[in-house]
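There are 2 protein chains.
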Amino acid sequence: MNARRQAVRDQVLRTAADLFRERGYRATTLDDIAARLGMSKASLYTYFHAKEEMLAAISRQTIAAFTRELSLVLRSDLAPEDKLRRVVRDHVRFVIANRSFLTVFFSEETNLPPRLARALAAQKDRYDKGVESIVVEGARRGVFRDVPPRLVVFGLLGMLNWLYKWYNPRGRWGAEEISTGFLSLVEGGLLRRRSGGPALGRRLARLQRELQELSRALDA
Amino acid sequence: MNARRQAVRDQVLRTAADLFRERGYRATTLDDIAARLGMSKASLYTYFHAKEEMLAAISRQTIAAFTRELSLVLRSDLAPEDKLRRVVRDHVRFVIANRSFLTVFFSEETNLPPRLARALAAQKDRYDKGVESIVVEGARRGVFRDVPPRLVVFGLLGMLNWLYKWYNPRGRWGAEEISTGFLSLVEGGLLRRRSGGPALGRRLARLQRELQELSRALDA
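Chains as they are written, first to last, in the working numbering: chain E, 1 to 220; chain V, 1001 to 1220.
For the record, the hints were derived by calculation from the structure and aren't laboratory data. Computed from a predicted structure; not experimentally measured. Take these hints with a grain of salt, some might be off.
[What the hints assert, rightly or not] Some chain E residues near chain V, calculated using beta-carbon distances under 10 Å: (1) Phe20; (2) Arg23; (3) Gly24; (4) Phe48; (5) Lys51; (6) Glu52; (7) Leu72; (8) Leu74; (9) Ser184; (10) Glu187; (11) Leu191.
Glycine residues also receive a C-beta, built at the ideal position from the N, C-alpha and C atoms.
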């Protein structure tokens, strides 16, 4: 496919995804898509023959993009905590930049042909396992606390994927603020650290008093 | 409505939600629902006149149940960290017990009449703000760390809501294990606490050596 044809094809998919997100997949027609593109239906047909093909292409491209970014991170020689940071930042950026694709990807699974739905489910599962391997490595090296890795992955991806529901492009936060906030929460937790708590503080105060008394006794 | 009629109505909604989840809302017909219930279409009509009514009832009941549980927590005199713990446990239990309702609630928004969709969005927003008030209170009291409260709420609800996508009733985790894992992650964070790090450890070791030397010097 030449570059121009590829660019138009991308534009067709992006427009279809926007309409699927706004009106729902079933309610959107090929006429709607052609109209918004300002394209004749005959031209549209040279790219896609049916709505189902567009839905399949959107789903395939979405999971392929996720998989590609993750495999770059997995192959890098970063420490596990830095790998996880990159996954979070990549994921947030991707969800924000492709909100319509993600909405379609997450909401229209029941409209996919069963064979494709199964293939995508297997790819999603591989993605989850890739992220899990980072968490397992971090726990093995003693950098991460002991929380069931699969729950960490589901929790983290839930946090990140849910963005497609609430992200507002005219809102106060961009990808950077959102990643930083989520990373701070996931890395440090919500509860303020008491570093040993009052018991250690009391023991330290008692030792200091004893040292002062000893010191005075020696001076006397 | 008498108790028996109410019970049948609940059963109708539950069956409709199961079918909407399995096949998608648009692809499910009233005939499908009547058939699975083993009910004539005429009897079904005495409960609901259209699929749209069922979708509306499912959405209304879902948000009403969330709102009810949250307002009990908000009115309690629990500490903010315990309020948040209860919200997490309630939410996990509810999503697991009502997976079909939640799938429909989260996936079929575009199929709702616009007026109802707006009313539900407003109720969801009130729910988010209720959870946010707990996070704000915890931060004010110095129990929670300083992460933007709205991001904490979106992150937390993303984690909890995403359950409807991956929860497997035949899987290894029940509501209790999932809440405990998520709470551990959200409260404590993923990074292992170093409680002051190696610098403090070295200072302590040096003080202990000095104390031993002083003690020996005094004994000598």
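Results of checking the hints against the structure:
Interface hint at phenylalanine 20(E): satisfied, since its Cβ lies 9 Å from the closest Cβ of chain V, which is below the 10 Å cut-off. The interface hint given for arginine 23(E) is met, as the beta carbon of that residue sits about 6 Å from the closest beta carbon of chain V, less than 10 Å. Evaluation of the glycine 24(E) hint against chain V yields a held restraint, the C-beta minimum of about 3 Å falling below 10 Å. Because the smallest distance between the Cβ of phenylalanine 48(E) and any Cβ of chain V comes to about 20 Å, over 10 Å, the interface hint for this residue is violated.
The beta carbon of lysine 51(E) comes no nearer than 13 Å to any beta carbon in chain V, farther than 10 Å, and the hint placing it at the interface is violated. Interface restraint check: glutamate 52(E) against chain V, minimum CB-CB distance 13 Å, threshold 10 Å, status violated. Evaluation of the leucine 72(E) hint against chain V yields a violated restraint, the C-beta minimum of about 22 Å exceeding 10 Å. Here the hint on leucine 74(E) is broken, as its CB sits about 18 Å from the closest CB of chain V, past 10 Å.
The interface hint given for serine 184(E) is met, as the beta carbon of that residue sits about 5 Å from the closest beta carbon of chain V, less than 10 Å. Nearest Cβ of chain V to the Cβ of glutamate 187(E): about 5 Å, under the 10 Å cut. The hint holds. At a threshold of 10 Å, the smallest CB-CB gap from leucine 191(E) to chain V is about 5 Å, leaving the interface hint in force.
Hint check: violations occur at hints 4, 5, 6, 7, 8; the rest are consistent with the structure.
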